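**Q** Produce the entire structure from the sequences given, and follow the hints as far as they go.
Protein sequence lines correspond, in order, to chains L and Z.
According to our numbering, numbering within the first sequence proceeds without interruption in unit steps and concludes at 388.
According to our numbering, numbering within the second sequence proceeds without interruption in unit steps and concludes at 1388.
Simulated from the structure, these hints should not be mistaken for lab results.
Distance windows between CB atoms, simulated: (1) Ala66/L <-> Asp1221/Z: 38 to 44 Å; (2) Thr349/L <-> Glu1081/Z: 35 to 41 Å; (3) Thr1214/Z <-> Asp261/L: 53 to 59 Å; (4) Glu330/L <-> Thr1309/Z: 28 to 34 Å.
Restricting the straight-line Cα-Cα distance to at most 25 Å, the calculated cross-link-like pairs of lysine to any residue (SDA-like) are: (5) Lys376/L <-> Gly1300/Z; (6) Lys1339/Z <-> Pro226/L; (7) Lys1379/Z <-> Gly300/L; (8) Lys356/L <-> Lys1007/Z; (9) Lys339/L <-> Ile1205/Z; (10) Lys372/L <-> Ala1306/Z; (11) Lys1058/Z <-> Thr1150/Z; (12) Lys1376/Z <-> Glu1284/Z; (13) Lys1339/Z <-> Ala306/L; (14) Lys243/L <-> Ala1337/Z; (15) Lys1040/Z <-> Leu67/L; (16) Lys382/L <-> Gly1300/Z; (17) Lys339/L <-> Met1238/Z; (18) Lys376/L <-> Lys1007/Z; (19) Lys1376/Z <-> Asn204/L.
Owing to the predicted nature of the structure, the values given are computational and were not obtained by experimental measurement.
Note that CB positions come from ideal geometry on N, CA and C, so glycine has one too.
Protein chains: 2
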Amino acid sequence: MTNILNKKIGIVGGGQLGKMMIQAAKQMGFWIAIIDPTEKCPAHSLSDFHIVAGLDDKNAIKELAALCDVITYESEHINAEALIELEEKHGATIYPSPKSLKIIQNKYDQKTELHKNNVAIPYFLNVTDSGDLPSVGNELGYPFMLKSATGGYDGKGNYLINSPDDFDEGYKSLGAGTLPLMAEKFVDYEMEISVIACRAICGNIKVFPVGHNTHVNSILDETIVPAPINKQTMELAMDTAHKVMEVFEGVGIFCVEMFVDKKGDVLVNEVAPRPHNSGHYTIEACVTSQFEQHIRAICGLPLGDASLTRPVAMINILGEEGFDGETLVEGVSDALAVKGAKLHIYGKTHTKPRRKMGHITATADTVEEAAKLCRKAKKCIKIIAKEE
Amino acid sequence: MTNILNKKIGIVGGGQLGKMMIQAAKQMGFWIAIIDPTEKCPAHSLSDFHIVAGLDDKNAIKELAALCDVITYESEHINAEALIELEEKHGATIYPSPKSLKIIQNKYDQKTELHKNNVAIPYFLNVTDSGDLPSVGNELGYPFMLKSATGGYDGKGNYLINSPDDFDEGYKSLGAGTLPLMAEKFVDYEMEISVIACRAICGNIKVFPVGHNTHVNSILDETIVPAPINKQTMELAMDTAHKVMEVFEGVGIFCVEMFVDKKGDVLVNEVAPRPHNSGHYTIEACVTSQFEQHIRAICGLPLGDASLTRPVAMINILGEEGFDGETLVEGVSDALAVKGAKLHIYGKTHTKPRRKMGHITATADTVEEAAKLCRKAKKCIKIIAKEE
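**A** Below, the structure is given as structure tokens:
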């Protein structure tokens, strides 16, 4: 097994985030192994070794640790206990820390930790069962957000309670008591933003510029950078991300999603302990991408320059509605005819409605121009399924 | 076999150029197969399929053609006849055209073709055997360059004849008549430059900015862009590259190496029908890299924007003198501490003195600043061999 850089990297998960981590790592010459249940996952053909197994598979994670010098992951929905055991009993090096991961995995615990450390977040309450909902409603007012504390993403696991009439439906749709729940005051936000930040093993922290995110059907649609906010809010957002990195002692890339409310205050909505969709713009528009930064951090290397080189927009490409089957990408030629459009197709062999299949990035003199180019290119692309 | 983009790409050669082609192709979602004799070659872990065979192996090339929709190559030192046969008899799609490749492979034929088409080149003569050398010397004057017409690279295959006393040594060192030879008037050049250009199947041509190259021991050491030449010379160089693309009807990336003489005239020194070491700067400093452009061209996709986004320098990392064995890269941490330095390590498992093992790129406000960063980072890196 070749290891010219004295550090072999293992990644739990071989989706698009794993793939883009590997692209950055391979440029620098690293050896990479992955765990992913899908044989032809996006990262498969780029990795040196692929353990085909579930992300929760304890034995697979042990095998990965035996092969690699450092382990990281592309998703927070993995077996944190297995990683903690591996770290404590077998001395494996795992970044970000599995103990932080475990706290972050449970949104109630995550928010409690942030709150304890004076990071501004929406007012939140624990929900033990449906019987709590009337008093929660009284406390938070209406509407409020009912959330499953674990396992949610892309809006899954959230339910907006407009009045007590929604209690039954909301409670049922979030597992009817099978999942831990929490409730949050509804934030009538002006804007959703996110900040990608990275912490090195030595504690050094680099914060990327602030992105403005637009969601469609609760899935990220577009990120533009710099976000159209004033300098004060921008600094507040970046300082908040910096603080979050200190709270969780995260090593590697974290994404801190925030609301900007009508008063210009910044409230942390969610923390993801990994590279994030809203940070894909860094590949083309920052000196160091979030993926290279993550690899640098987990390997104990110095962090790179996180500054923006040009205004940028990123737009997601999702699987078309009505198609579920073997992926076919249409319109590549037309999309690439849009000057400056950079096309990323993840290589998922199976498309489903709204599945994240790729993205387009464009840089330009202004974010408006960059966004225009992205939208123009995106209009050309259709992800459909092959005819049987 | 998954093929979400309706085009599978085959590459003859899995060295660093193949690797970087794949990095660009994988970002866009392409399926890739390679031929390379080395199992752990740089492109190995990034390709979907690897035929372990020599680049001249006719059967391997046939197998590759059966697997792929389009074939390209990373080196001009391959079996052009086999490719021509494949194209003519089996209808394989191969870019750049094997017929152009065959002309380019022989420097005498290459120069003749350029000369016929009024592209300025150094005055050159055919050399059939050592008996020609006195008359060649009379015609060209001293010193002159004796070159093997085939197989040379990185200064190999060139011999500077300072006087008739050098005839014997020069003739012997270039194969003593076993290789076809040619002779060229010595150009007392002011500067070596190169231009990367790309031609699409439809005939559209995009020309990248002019790079200034510095060689050490006949191996490229550093490229800076834009080259420190006046606007007129720059336009002349770019027009020349454009013309060369038309002469050879090249599809894909070509590199046109040129001399700028004391009068500011531009003379073509050599044409390479592939992405080139002096074009690596395009990865960080152009909207579209030479590798993405090549993939776009050979797949019949529209060419991307070739313009420079920032002044840039690229410096090569070679295997240290005195080390021949299993590669070990030292100093990565120090190199990455240089702000803005982008490290590329090719992943060659065996190092040898002066072997191309990686490169460093840096962008900055000026080429001088970029070059300073590159040199600072390069000083940290040592490619040595592991102790047995």
